[in-house]
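Protein chains: 4
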Amino acid sequence: MLKACIAGATGYTGLELIRLLLQHPDIEIAHITADANKGKRMSEVCPSMEGIFDRELVELTPDLARDCDVMFLALPHTAAMDKVPAFLEAGCKVVDLSADFRLRDPNVFEEWYKTPHVSPQWIEEAVYGLPELHREKIKIARLVANPGCYPTGAILALAPLMQCGWVDLDSLIADCKSGVSGAGRKLNASTQFCEANEGVSAYGLTTHRHTPEIEQELGALAGRPLRVVFAPHLMPMTRGILSTVYANLSEEVTPDQVQERYREFYRDEPFVRVLPAGKFADTRQVVRSNFCHIGIAHDSRTKRLIVTSAIDNLLKGASSQAVQNCNLMFDFPETRGLESAPVFP
Amino acid sequence: MLKACIAGATGYTGLELIRLLLQHPDIEIAHITADANKGKRMSEVCPSMEGIFDRELVELTPDLARDCDVMFLALPHTAAMDKVPAFLEAGCKVVDLSADFRLRDPNVFEEWYKTPHVSPQWIEEAVYGLPELHREKIKIARLVANPGCYPTGAILALAPLMQCGWVDLDSLIADCKSGVSGAGRKLNASTQFCEANEGVSAYGLTTHRHTPEIEQELGALAGRPLRVVFAPHLMPMTRGILSTVYANLSEEVTPDQVQERYREFYRDEPFVRVLPAGKFADTRQVVRSNFCHIGIAHDSRTKRLIVTSAIDNLLKGASSQAVQNCNLMFDFPETRGLESAPVFP
Amino acid sequence: MLKACIAGATGYTGLELIRLLLQHPDIEIAHITADANKGKRMSEVCPSMEGIFDRELVELTPDLARDCDVMFLALPHTAAMDKVPAFLEAGCKVVDLSADFRLRDPNVFEEWYKTPHVSPQWIEEAVYGLPELHREKIKIARLVANPGCYPTGAILALAPLMQCGWVDLDSLIADCKSGVSGAGRKLNASTQFCEANEGVSAYGLTTHRHTPEIEQELGALAGRPLRVVFAPHLMPMTRGILSTVYANLSEEVTPDQVQERYREFYRDEPFVRVLPAGKFADTRQVVRSNFCHIGIAHDSRTKRLIVTSAIDNLLKGASSQAVQNCNLMFDFPETRGLESAPVFP
Amino acid sequence: MLKACIAGATGYTGLELIRLLLQHPDIEIAHITADANKGKRMSEVCPSMEGIFDRELVELTPDLARDCDVMFLALPHTAAMDKVPAFLEAGCKVVDLSADFRLRDPNVFEEWYKTPHVSPQWIEEAVYGLPELHREKIKIARLVANPGCYPTGAILALAPLMQCGWVDLDSLIADCKSGVSGAGRKLNASTQFCEANEGVSAYGLTTHRHTPEIEQELGALAGRPLRVVFAPHLMPMTRGILSTVYANLSEEVTPDQVQERYREFYRDEPFVRVLPAGKFADTRQVVRSNFCHIGIAHDSRTKRLIVTSAIDNLLKGASSQAVQNCNLMFDFPETRGLESAPVFP
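Protein chains in written order, with our numbering: chain L, 77 to 421; chain U, 77 to 421; chain D, 77 to 421; chain Z, 77 to 421.
So here's chain L without its partners, still in its complex pose (with noise of 0.2 angstroms):
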């Protein structure tokens, strides 16, 4: 059995993760984490957990990674790129949900983090785990950074144009629509229920970090530098992120071609799901699983797709990535422990 630790195990992700590998056959849960909350049960945290899985939570020390073998860091951003160092060099492997590891350029990292990188030349190990892309990589990495929950969405809606030549890559524009779980459970005004709930609102504008993260995975793929507008938008409700991505068609391509390449691209991909032509992707179909819904559509009157894209942010956007990349890292069949449908309704 591999032992995982669990560090930021109290949050959303944290919680997530612990769900995931108790219903993991290959991995047991080490330790788990939370500065805050250090000395007390799971269940006093998380009444879900009562009866189920009461271990302590302990402080986040680099001595945990000792009895480890893969760290799943769910910690806030820049919180522990000081402290990956040390787990790597004690031989354990890392899987990091924050963003600390995910730009290759750490310029670019402090332009948009607002705060130099601690770590820099671990940059260049860091493998940015969205399996669908990286999945060779992944296998042989020892830190991996998970990516964010929005480019998730975004690089899987666009990553089957970038090389096909059929589209602008100067017209790429990502309109997000994200459950409320994805500014984490701190405390904040703006998701208290009454001014979260029953409403919609854009945030962000020009500003938000996934930004680069998007910009950097599709420009990989596409062999140039591009730039997208990102537009998040934060939705009354709990969980799922629903992407919807525009581009301008450059050159005549009929839709069934898209629908062919989408397919194509995505043949292989235990997670992703091309829906049939005319359908448009919806969060409800996907939340609490590890599977991501596409559905595309073609207008030629104005010559543009529109491709939807829907995974849950705590999962695919999150934790279940996570422990897909754990099952890549450390060879078991990357499916395993996550092929729970999605819970609908």
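Any given hint could turn out to be false.
[Stated by the list, open to error] List of simulated lysine-lysine pairs, DSBU-like, C-alpha gap at most 35 angstroms:
no.	chain 1	residue 1	chain 2	residue 2
1	U	K215	U	K262
2	U	K114	Z	K190
3	L	K190	D	K79
4	D	K215	L	K114
5	Z	K213	Z	K79
6	U	K379	L	K190
7	L	K262	D	K116
8	U	K379	U	K355
9	U	K355	D	K79
10	L	K262	Z	K190
Keep in mind the hints are simulated off the structure, nothing from the lab.
Could you slot chains U, D and Z onto chain L? The hints should help.
What follows is chains U, D and Z alone, placed relative to chain L:
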């Protein structure tokens, strides 16, 4: 006192018309109709009216127009276009909340609504009831075609850009997010609670009937035909529409210039508010009122404008806009009966 | 024009007071206070007021009372009980929306609020502001203690039974279901969106501070002390309280007699509606209004009455009831400014 | 591998049965039926199953039982009671999720369901499928009547009190709050999103069909007939039932004794958790699992017990309880396929 008839009084927009007219000092409700509920009293169908307004529901017939000054038609599309001429000929003015008289070209109507227009000779006389664009014509109109909910939000967001030459008129995208009440009160599998709650989906991509309406009005402002990508989405909330519209900047313009352009365009408008720079629209701040909020983001990285607008789909997107039009048609102060502030939370 | 000061203007009940007074023809708002936001303009804190009411927020000081006729105190419990005497002595009347002057016995206050009352000499003069029970006293009061949201709903549901001898006064249970806005606007882990959404929980069982308030008023009606089981529950919705109250029938009485008793008791009440037999209260039918709906079930199998009442917790349960009290205190028609119908959906 | 047929596979409980059996290591799904959708593939009706389980839906006929070991009937009440004998006679065991075989007295069935029972001779053999009460009988049953969702929550909350003599058995009240999925997937005006969202209402007071079921089981435990006030309420949420039950204490008993009584009663139960003293049940902590949480308040002021229980109405209240029963009937470990932790948030 002006005498009004509300046709379709038990649907959501009909109910809002009743509520608004009850607080209008110059209009009294003479008749309310609902063919399926004729003979019932209002409170049997809608308990919120218990002890407040308990008129009997009658059938919609031409002679109702005889003792009314104005008919508000809150009926499904195509349900009343054959009756409108009789109402007008009886000397009654008409505010039609359906789509029947919104499109100036009967061929376009037939193309999108899949049925021929039966009263095409009256289209010419109809005025598109968006006061911010057509105030003077509305004042002298006998027949006002009250705008659709999505078009109201999308057009108000884009109108100030149509004549200034700053944006590429072929680049317009409207990604719109609507509450479920926009689908009306009829039984519908996709708007059952468990199907519409806690999730987001796109629908009607490339085919939604509000598309030609948006294009007609923006094209008229721009002085040339144009096409708009219109992508509606269903939100897990009862009311409100957020429109996020994207336009490519075709020349250098500063954020201040854009902000000033919008402020100037809507300077004298009683119901449109341009938010301070850096603020984006939020439907919670306008619902249950006739107000429209507009917030602008200027993305210099990608040379785009992102404009957000928020309205209440049942009010500024339907019933209160109908009352605003009626005020204009009968020379009442435009804001009469509509001054209520948004209700938050 | 009466001049009013609203203390605590940026909380949910403060915001509703502003909205209501803006549409009140006889009252103008002279001052708004919010210590934490003093110096800011209203629209900075609450965008819904953009271009509608943009007064500057000031600090609450005794001299504000000098140029006001009435103070509405929408502050946390115990925050203003030391200031009330100064306001009254300056000749200002006070409607206090907090619990500070609701309980007639300062020992009971201290027992439930865990702090001594600092102005006990004024309790005697305070009138419990439920117009349906204390209308005549409110008319001549200088200090009105506006009822709690739960007590308003529970008392209105049970009041008609207190003097008729039909029910066992020791059998009363109030199972109450409130929207989240009842918890106010302060930051709170349990009212973050993802913690309060999509679920139901009981809280404060046996300890909720509204218990003695319900017992005081029902006991006064009954003419003897009594105890009530009060069980509050948090609902995943913004507004509304449904109270389901249970009482053992102690003698034979027909459903018609009960229905008639309630109709008679509330016959002249402008804001209480007894629903037809067989109909139960639904918060959706009263929210965003000052109305209370009451629906009665008579269970002959178990010899119980089950009475349901519905109110808007922020309105009849707080702010609009405060305006109703103010109307009485200043001899305006009781319904002035409060006639708006509920807003459905 | 056990072969199962799921009848009514496209309703909410049918969908959950599919999801659960897909992760059950010892059961395979042989047939799925849905008369209205026969001939369609599962993913056409339910996109969440896209690429996961895409069997064709067939019509429910007696011969389906021939190559199955167990039939799960997730059909409307009275829809299958005439077919059950044929299934049993074909050698198939049956778990019936409808109410058809829950009531031991066919007269009581007819009184509450307004139709005669057509297979009364099989009632005797049916076992009420609440494992916490009838485990040994379920193990040897051919026909299990799976409990209703409300009864599961209410009975588990009250069962430990039925034999200890502490409470007045004529004082029981169950105020129950259910998510909308309890109403099933059929079209219904009152469960349209805008009618069910953002509000709370009582329904079915004195008449709800789950009443005799609760009374039958509690009466059997108590050893004498009893009546329960059962008051169901519709919550604006998709899943979960919170039951708040009230009982008069008829003798002196300490909170610790009650707590201990519950812990003892459920000590060996794999799916019932008695929360620590002072904690009350919250549906969010059990949804999407087979767990039941119970929290107890002891009100010495009023001499009442208030017991709260929380379950997922579609799982412990329907489909996962059906699988738990099936495990018992076929001698699998009782928790097989049901170990998943609740999914929070």
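Hint check:
1. U/K215 to U/K262: 33 angstroms, holds
2. U/K114 to Z/K190: 31 angstroms, holds
3. L/K190 to D/K79: At roughly 49 angstroms apart (the allowed maximum being 35 angstroms), D/K79 and L/K190 break the hint.
4. D/K215 to L/K114: 57 angstroms, violated
5. Z/K213 to Z/K79: 22 angstroms, holds
6. U/K379 to L/K190: Holds. U/K379 to L/K190 sits at ~23 angstroms (cutoff 35 angstroms).
7. L/K262 to D/K116: Cα-Cα ~26 angstroms, so holds.
8. U/K379 to U/K355: Given that 35 angstroms is the threshold and the Cα spacing comes to 19 angstroms, the pair holds.
9. U/K355 to D/K79: 33 angstroms, holds
10. L/K262 to Z/K190: Violated - the C-alpha atoms of Z/K190 and L/K262 are around 53 angstroms apart, more than 35 angstroms.
Checked against the numbered hints listed earlier, the structure breaks hints 3, 4, 10; every other hint is satisfied.
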